[in-house]
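Engineer: Dock chain B against chain A, hints included.
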Amino acid sequence: MSDVKAPIETPSNLPPTEAATSVGGLAGYARQWVDNLRGGELGVLPIIVGIIAIAIYFQARNSQFLTAGNFVNLIAQGSAVVIIGMGMVFILLLGEIDLSVGYVSGMGGVIAAVLLEPGSGQWATWLAVAAALGVGAAIGLTQGFFVARIGVPSFVVTLAGLLGWNGVVLQIIGSKGTIVIQDKFITGLANDYVNHTLAWIVAIAGIALFLGQQMATVFRRRQAELPNPPWAVIGLRTALVGALAIAIVAWANSDRGVPYAGLLVLGLLIGLSFLAQRTRFGRHVYAVGGNAEAARRAGINVAGIRLAVFAISGTMAALGGLVLASRLSSVDTSTGGGSTLLYSIAAAVIGGTSLFGGRGTVRSAVLGGIVIAMIINGLGLLNVSAGTQFIVTGVVLLAAVTLDSLSRRRSAATGRA
Amino acid sequence: MAEQNEQHLLELRGVHKRFGAVNALNGVDFHVDVGHVMALVGDNGAGKSTLIKCVAGIHTIDDGEVLWAGEPVSIHGPKDAARLGIEVVYQDLALADNLDVVQNMYLGRELLSTLRRLDEARMEKRSREVLKELSVTTIQSVRQTVASLSGGQRQSVAVAKAVLWNSKLVILDEPTAALGVAQTQQVLDLVRRLAEQGLAVVLVSHNMNDVFEVADHITVLRLGQNVAEFTTKDTNQREVVEAITAGQLHSVPGMQEEALA
Numbered sequence: 005m006s007d008v009k010a011p012i013e014t015p016s017n018l019p020p021t022e023a024a025t026s027v028g029g030l031a032g033y034a035r036q037w038v039d040n041l042r043g044g045e046l047g048v049l050p051i052i053v054g055i056i057a058i059a060i061y062f063q064a065r066n067s068q069f070l071t072a073g074n075f076v077n078l079i080a081q082g083s084a085v086v087i088i089g090m091g092m093v094f095i096l097l098l099g100e101i102d103l104s105v106g107y108v109s110g111m112g113g114v115i116a117a118v119l120l121e122p123g124s125g126q127w128a129t130w131l132a133v134a135a136a137l138g139v140g141a142a143i144g145l146t147q148g149f150f151v152a153r154i155g156v157p158s159f160v161v162t163l164a165g166l167l168g169w170n171g172v173v174l175q176i177i178g179s180k181g182t183i184v185i186q187d188k189f190i191t192g193l194a195n196d197y198v199n200h201t202l203a204w205i206v207a208i209a210g211i212a213l214f215l216g217q218q219m220a221t222v223f224r225r226r227q228a229e230l231p232n233p234p235w236a237v238i239g240l241r242t243a244l245v246g247a248l249a250i251a252i253v254a255w256a257n258s259d260r261g262v263p264y265a266g267l268l269v270l271g272l273l274i275g276l277s278f279l280a281q282r283t284r285f286g287r288h289v290y291a292v293g294g295n296a297e298a299a300r301r302a303g304i305n306v307a308g309i310r311l312a313v314f315a316i317s318g319t320m321a322a323l324g325g326l327v328l329a330s331r332l333s334s335v336d337t338s339t340g341g342g343s344t345l346l347y348s349i350a351a352a353v354i355g356g357t358s359l360f361g362g363r364g365t366v367r368s369a370v371l372g373g374i375v376i377a378m379i380i381n382g383l384g385l386l387n388v389s390a391g392t393q394f395i396v397t398g399v400v401l402l403a404a405v406t407l408d409s410l411s412r413r414r415s416a417a418t419g420r421a
Numbered sequence: 116m117a118e119q120n121e122q123h124l125l126e127l128r129g130v131h132k133r134f135g136a137v138n139a140l141n142g143v144d145f146h147v148d149v150g151h152v153m154a155l156v157g158d159n160g161a162g163k164s165t166l167i168k169c170v171a172g173i174h175t176i177d178d179g180e181v182l183w184a185g186e187p188v189s190i191h192g193p194k195d196a197a198r199l200g201i202e203v204v205y206q207d208l209a210l211a212d213n214l215d216v217v218q219n220m221y222l223g224r225e226l227l228s229t230l231r232r233l234d235e236a237r238m239e240k241r242s243r244e245v246l247k248e249l250s251v252t253t254i255q256s257v258r259q260t261v262a263s264l265s266g267g268q269r270q271s272v273a274v275a276k277a278v279l280w281n282s283k284l285v286i287l288d289e290p291t292a293a294l295g296v297a298q299t300q301q302v303l304d305l306v307r308r309l310a311e312q313g314l315a316v317v318l319v320s321h322n323m324n325d326v327f328e329v330a331d332h333i334t335v336l337r338l339g340q341n342v343a344e345f346t347t348k349d350t351n352q353r354e355v356v357e358a359i360t361a362g363q364l365h366s367v368p369g370m371q372e373e374a375l376a
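So the protein lines, in turn, are chains A and B.
By the working numbering, the letter at position 275 of the first sequence is numbered 279, and the numbering carries on one by one without gaps.
By the working numbering, the letter at position 174 of the second sequence is numbered 289, and the numbering carries on one by one without gaps.
One chain only, chain B, in its complex shape:
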């Protein structure tokens, strides 16, 4: 790595993750900095999901190092990740349709007042504040059910939910995959604002236009290895796509592995 002396918020060094005979991650280095958007790109089976699941604590790594603000940490479960300030917004968003925006944002971490009652007023106030900070203006009432929201609005709620907990790193898994043009723009603006507010953001995406619009840096995974890292303004889509499809591997996996991957 070129900038070894600089302290990253999250840094992965030589991370390995195996599922049986498959090397899902084969010595991956990865990092993301405060106030930056790092795009994580790669073809299907490149190991993007495995990587973010390792960071989120859903998988534990087999080998390698994870550094958080320069300190080595081990992440053994989602709770460990949450404690560090890592929040993941999965593709399916994990929102309960029958609950309203506030209820979803505080799901599992409800605020209580006296007599163990739910403190609705405090939760609603804070939810509104967070949505306002993120300039989410399309949601008219925080008391409408999530079922009544559009795809982009749902994505905004899921992101706001992740931000609510003073998280430091937000990982977004294909946030625009199911969205139309206008809604994609909404979400991309939101991603940019997260970084501007001093969060580190990892954006997993297939869409090069999205990546080039919001990412500061791009890490390319191929067959479980990181084959390239670009600074967005110094590269172009052709170069990135080339790395995705034909990037230089540091160890060539066997035929069997490639077939499985």
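Next up, chain A with everything else stripped away, as it sits in the complex:
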């Protein structure tokens, strides 16, 4: 790769960070990366370090932790929180909060369970799933209406939602206590495994897609005579992602295989990342989170964006609720309660999405969800009490938010708030 053309020639009176972008070659990229780290843009580094540290700790305490069987369990356990957390990422990007996602996920599970109860009134599976997701979206829209159109703080609206939807779940379940789900599709989400060959095909296709997407970007930028990252960077990135994908599939396939919920997470990761990064809607979400007044003046329908984002959150919560219900093959009065809400917020924040709005990625929910699933799973293997689990998760959440705040302060200090 030839030298990257300097965007705009200039005397260098800025910190070296910006200068590095105009320096071509691998060395320039490496230097820029180090500068970004110093400047408080930590990226995925802390979380990768965290995942490795947690893995080492639990493996040292219990040799079961890193077995293929436990790895497969981990995927099934973590999926629901990851899925709900992905919706939460969009909410946090706006600088809002949605405290209702726990019980909205409960609503999703309960509605599907009720509609699929064997008997004369049983719905078709796809219809029941659509109804559950539809209810999630409608709840999101309703709450979003109060936030976006009336101007009630999202904290209060969704706090009311937390209480209210808990009540609705109790009402629906009534005296039955528990509804067992017999539908094969729903129970299969978390308890059935992708055919080993299919998993390999998906992994290979995913790697090809990842590489192809980067090549397409390079091609388009070259056409527009814009500088491109060196091929070595693209190659390295693809190799890392490829190695990770192959390792996951190989590891899972050596046991039962990848749970369908894992496949669902992958699909959502790709689809929602596309929505956030490559579409006008996603750009506007970031803009509203960064400066709502600027967005309004740019002609963006700020209220519409907020409504849509709350609808996304509600839908994702309901979908996560289906996965939760699937794992237990039943729903009861506590479905979606307990730590579901906190874990999904924690997943997004631990993964690097800022609570202050405007900064974050969909993948952060996956990374943060992995951390949380590892902690719950690992502590479970160590036979510690639920109390200890909560304490540890609370400490991890606090650490993540502190890191977020510190990196923000650091960014402000180096002029990149």
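Keep in mind the hints are simulated off the structure, nothing from the lab.
Be a bit skeptical, because a hint or two may be false.
Between beta-carbon pairs, the in silico distance windows are [stated by the list, open to error]: (1) A:Arg65 / B:Glu244: 54 to 62 Å; (2) B:Ser250 / A:Val53: 42 to 50 Å; (3) A:Trp127 / B:Gln206: 53 to 61 Å; (4) A:Arg300 / B:Glu328: 29 to 37 Å; (5) A:Ala247 / B:Arg232: 23 to 31 Å; (6) A:Ala251 / B:Asp195: 55 to 63 Å; (7) A:Val53 / B:Asp304: 45 to 53 Å.
Here the structure is a predicted model, which means the values were calculated and not measured.
Ideal Cβ positions, reconstructed from N, Cα and C, are used throughout, including at glycine.
Structural biologist: For chain B alone, kept in the frame of chain A given last:
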């Protein structure tokens, strides 16, 4: 007006704007020509902001005429103004700190390629071109976030954003108010280049040095009326300041109005 026969890009005739009992604009005449910088000066409460907001479509005028290239037009919203080719750079710039330069320049008007994807390459290319045309050389990467830019650089981005849309008239509201000496110079150079490239520029400013450095003409507002219009090279700061503080009013507002204004 002296040059009635000449066609101005934008001309306001006898514009009135009232807010309740307050006559914010009381029969204001104003004009700006292609390739010229018109400074709009006046004390606080003179009606400068109201005037530019009327032109930008944020306020609608109560009375009077607005002519665009000689044709009467009515501006009822920011979209009308944008359609005519009027862009306003407000004092607070309206940039999203978390987005990069290109994303800010195209905010709300993103270019799309197939499958409704954002066409980043085309947007980045055009952004670079516009910045180059305006000789904005201090921004090193158009992919750095606006948060990392200095005040002058932000101002340049906001101006470039306004110019991006083939606008014909750019209104700058106190563009140098928050800037240091070197950055003020950057922005003033930029204002001059806008006019040289054939745009009409309205510069709202309190700073007489800035006004005298870049403006071709100066309109003075006082208490909602235009009290004087100068050609910069034929006047001096003392004369302008005198007009700002004690310019001849064509109708003397009541005490109450003056207090409110």
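Engineer: Look at each hint and say if it fits the structure.
Structural biologist: Hint-by-hint comparison with the structure:
1. For Arg65 (chain A) and Glu244 (chain B), the hinted distance range of 54 to 62 Å is satisfied, since their beta carbons lie about 59 Å from each other.
2. Range check, Ser250 (chain B) to Val53 (chain A): Cβ separation about 45 Å, and the 42 to 50 Å hint holds.
3. Distance hint check: the CB atoms of Trp127 (chain A) and Gln206 (chain B) are about 58 Å apart, consistent with the given range 53 to 61 Å.
4. Take Arg300 (chain A) and Glu328 (chain B): their Cβ atoms lie about 33 Å apart, and the range 29 to 37 Å holds.
5. For the pair Ala247 (chain A) and Arg232 (chain B), the supplied restraint of 23 to 31 Å holds, since their beta-carbon distance comes to about 28 Å.
6. Evaluation of the 55 to 63 Å hint for Ala251 (chain A) and Asp195 (chain B) yields a pass: the beta carbon distance comes to about 58 Å.
7. Taken as a hint, the range 45 to 53 Å holds for the pair Val53 (chain A) and Asp304 (chain B), whose Cβ atoms sit roughly 47 Å apart.
When each numbered hint is compared with the structure, no violation occurs for any of them.
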